[in-house]
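Letter by letter, the sequence shown follows residues 1 to 508 of full-length UniProt numbering.
For the record, the hints were derived by calculation from the structure and aren't laboratory data. For every residue, glycine included, the Cβ atom is placed at its ideal position computed from N, Cα and C. Check the hints yourself; a few may be wrong.
Derived lysine-lysine pairs resembling DSS-like cross-links, with alpha carbons at most 27 Å apart [to be verified]:
| # | residue 1 | residue 2 |
| --- | --- | --- |
| 1 | LYS351 | LYS381 |
| 2 | LYS315 | LYS278 |
| 3 | LYS87 | LYS386 |
| 4 | LYS87 | LYS381 |
Computed Cβ-Cβ distance ranges for the label pairs, DEER-style [as the list claims (entries may be wrong)]:
| # | residue 1 | residue 2 | range |
| --- | --- | --- | --- |
| 5 | SER253 | TYR380 | 22 to 28 Å |
| 6 | GLU272 | VAL203 | 24 to 30 Å |
| 7 | ASN297 | GLN62 | 44 to 50 Å |
| 8 | ASN73 | ASP249 | 30 to 36 Å |
| 9 | ILE66 | THR212 | 23 to 29 Å |
| 10 | ALA362 | PRO67 | 40 to 46 Å |
| 11 | GLU140 | LYS276 | 34 to 40 Å |
| 12 | MET210 | GLY230 | 21 to 27 Å |
| 13 | ASP188 | ARG65 | 30 to 36 Å |
| 14 | ASN100 | GLU207 | 23 to 29 Å |
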Amino acid sequence: MAGLECILNIIRALRMGSCLSTESRSPLPSSPTSTLGIRKRKSSNKRPGSRNSSFGHRREEQLHRIPGRMFLNGSSEVASLFTQQGKKGANQDAMIVWENFGSRMDAVFCGVFDGHGPYGHMVAKRVRDSLPLKLSSHWEVNIKSDDVLKEITLNTTGSTNSEDASFISADEEPRASTDVEETGKYPDIFHTLKESFLKAYKVMDRELRMYTNIDCFCSGTTAVTLVKQGQDLVIGNVGDSRAVLGMRDKDDSLVAVQLTVDLKPNLPAEAERIQKCKGRVFALQDEPEVARVWLPNNDSPGLAMARAFGDFCLKDFGLISVPEISYRLLTENDEFVVLATDGIWDVLSNKEVVDIVASAPARSFAARAIVESAVRAWRYKYPTSKVDDCAVVCLFLDSNSNNLYTASNNNFKERTASMEQVDIGSKKEDPCGPTGLERSGTVRTGKEILPEGGKEEVSKDEEEIYMESGKEWSALEGVSRVNTLLTLPRFVPGKEEKKGAGKTKAWK
Numbered sequence: 001m002a003g004l005e006c007i008l009n010i011i012r013a014l015r016m017g018s019c020l021s022t023e024s025r026s027p028l029p030s031s032p033t034s035t036l037g038i039r040k041r042k043s044s045n046k047r048p049g050s051r052n053s054s055f056g057h058r059r060e061e062q063l064h065r066i067p068g069r070m071f072l073n074g075s076s077e078v079a080s081l082f083t084q085q086g087k088k089g090a091n092q093d094a095m096i097v098w099e100n101f102g103s104r105m106d107a108v109f110c111g112v113f114d115g116h117g118p119y120g121h122m123v124a125k126r127v128r129d130s131l132p133l134k135l136s137s138h139w140e141v142n143i144k145s146d147d148v149l150k151e152i153t154l155n156t157t158g159s160t161n162s163e164d165a166s167f168i169s170a171d172e173e174p175r176a177s178t179d180v181e182e183t184g185k186y187p188d189i190f191h192t193l194k195e196s197f198l199k200a201y202k203v204m205d206r207e208l209r210m211y212t213n214i215d216c217f218c219s220g221t222t223a224v225t226l227v228k229q230g231q232d233l234v235i236g237n238v239g240d241s242r243a244v245l246g247m248r249d250k251d252d253s254l255v256a257v258q259l260t261v262d263l264k265p266n267l268p269a270e271a272e273r274i275q276k277c278k279g280r281v282f283a284l285q286d287e288p289e290v291a292r293v294w295l296p297n298n299d300s301p302g303l304a305m306a307r308a309f310g311d312f313c314l315k316d317f318g319l320i321s322v323p324e325i326s327y328r329l330l331t332e333n334d335e336f337v338v339l340a341t342d343g344i345w346d347v348l349s350n351k352e353v354v355d356i357v358a359s360a361p362a363r364s365f366a367a368r369a370i371v372e373s374a375v376r377a378w379r380y381k382y383p384t385s386k387v388d389d390c391a392v393v394c395l396f397l398d399s400n401s402n403n404l405y406t407a408s409n410n411n412f413k414e415r416t417a418s419m420e421q422v423d424i425g426s427k428k429e430d431p432c433g434p435t436g437l438e439r440s441g442t443v444r445t446g447k448e449i450l451p452e453g454g455k456e457e458v459s460k461d462e463e464e465i466y467m468e469s470g471k472e473w474s475a476l477e478g479v480s481r482v483n484t485l486l487t488l489p490r491f492v493p494g495k496e497e498k499k500g501a502g503k504t505k506a507w508k
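Construct the complete structure from the given sequences, taking the supplied hints into account.
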């Protein structure tokens, strides 16, 4: 009986999982043999950022469910937006229209973002999703702060300069162009939104630097964004995307007014800042009209803009993300604002774009009409180059949902058909500022040029290899002429700075 009882005890112990070893205790939770320890080891093997990725996915889903927020091709009563992938790989352009912005019934936020570099498409989408939230939160905080300052001012005998109170220190004070009356006084909303834009852009760029899920070292994005509340329009801009206003003049003719400046390295002030920070500014021999930003002692990345989000390889050498802020008091003559990436402005002038909007058969078709006209112009003017990505937002400034325009559908068809016959030199007649006639070629890459008789299509395998490559990315990859690389100037303090400045003047 004793022997049988001993055998039963052994069976019971085996069923309970004991191995009858000298360690009578069960494994500790942190022990490698415990179930919890195995789970911890498995979770520790996950790649960095995987948890953030799932969180980011849930966050995106929540954003996409917000009423009045549009980021895909479509339209509403006040806006039309459309984007189309080019022939260079993934679509790196992004766009957004957010009505009732910041829970304000009369406010709307719009923006377009043109990514560049191997992960530019991810940077553009990240900025599209995060920047409006930051702007909204800073706007709310600044309004409350302004209310407190007003109470303090009323209770004191001294006066406060509202512009000084609202200005936030940054790397450089942005220029503010405006159509306010001759008094020169900006309304309170301008000062509040100016500070909000500056803070939001600064925090956004800092977040991209810390964000581990996207490599922003040689990737970045432009951003041209606006907030319209009532008749007040405030615009923040970095890079070479552009905002253009369509308005009626005294003769009731539709004219184009450029609201932003293309912040490219060929601008004297931008080139001077970059060269002071030891960056280099010059154009390649085969495209002398496109000034680019280069590292001091490395032939990369060749960025064709002076301000951008991301691109941290250049942030110590003059590239900044400080936006240029502009303001306009809207009138009844102002009809719509067009925001678009350089895929549009490289082939269409400001006047051509506003005419296309005016000739569209319906408001909902306006953005798409611009993109389709640009694609035709690309194929006509640059038949050996790949069509660039395009993104357009059209914001209509009146509350009337009916079409503003008298042009018929037949006139629209005639106009779009005639786009193929537009002469490149004819754009110089546009009196409304820069028209973007020269291709910006944001990032220099040898994949732009197609062989004679070659196709524009790029295989999915090639796209994946190009976009997901973990190697150090250079804008000069694929440049066929070796002598171009050999003749690139190097930075030498003093003497070279003067030479670089002289070259910049030649590119204006």
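Checked hints:
1. LYS351 x LYS381: holds, 18 Å
2. LYS315 x LYS278: Holds, at about 11 Å.
3. LYS87 x LYS386: holds, 5 Å
4. LYS87 x LYS381: holds, 15 Å
5. SER253 x TYR380: 22 to 28 Å: holds, 27 Å
6. GLU272 x VAL203: 24 to 30 Å: 27 Å Cβ-Cβ, so the 24 to 30 Å window holds.
7. ASN297 x GLN62: 44 to 50 Å: About 45 Å separates the Cβ atoms of ASN297 and GLN62, which means 44 to 50 Å holds.
8. ASN73 x ASP249: 30 to 36 Å: holds, 32 Å
9. ILE66 x THR212: 23 to 29 Å: holds, 26 Å
10. ALA362 x PRO67: 40 to 46 Å: violated, 23 Å
11. GLU140 x LYS276: 34 to 40 Å: Given a distance of about 37 Å, which is inside 34 to 40 Å, the answer is holds.
12. MET210 x GLY230: 21 to 27 Å: violated, 36 Å
13. ASP188 x ARG65: 30 to 36 Å: With a Cβ separation near 33 Å, ASP188 and ARG65 satisfy 30 to 36 Å, so the hint holds.
14. ASN100 x GLU207: 23 to 29 Å: Once the Cβ atoms are compared, 25 Å apart, the range 23 to 29 Å for GLU207 and ASN100 holds.
Going down the numbered hints, you'll see the structure goes against 10 and 12, while the others check out.
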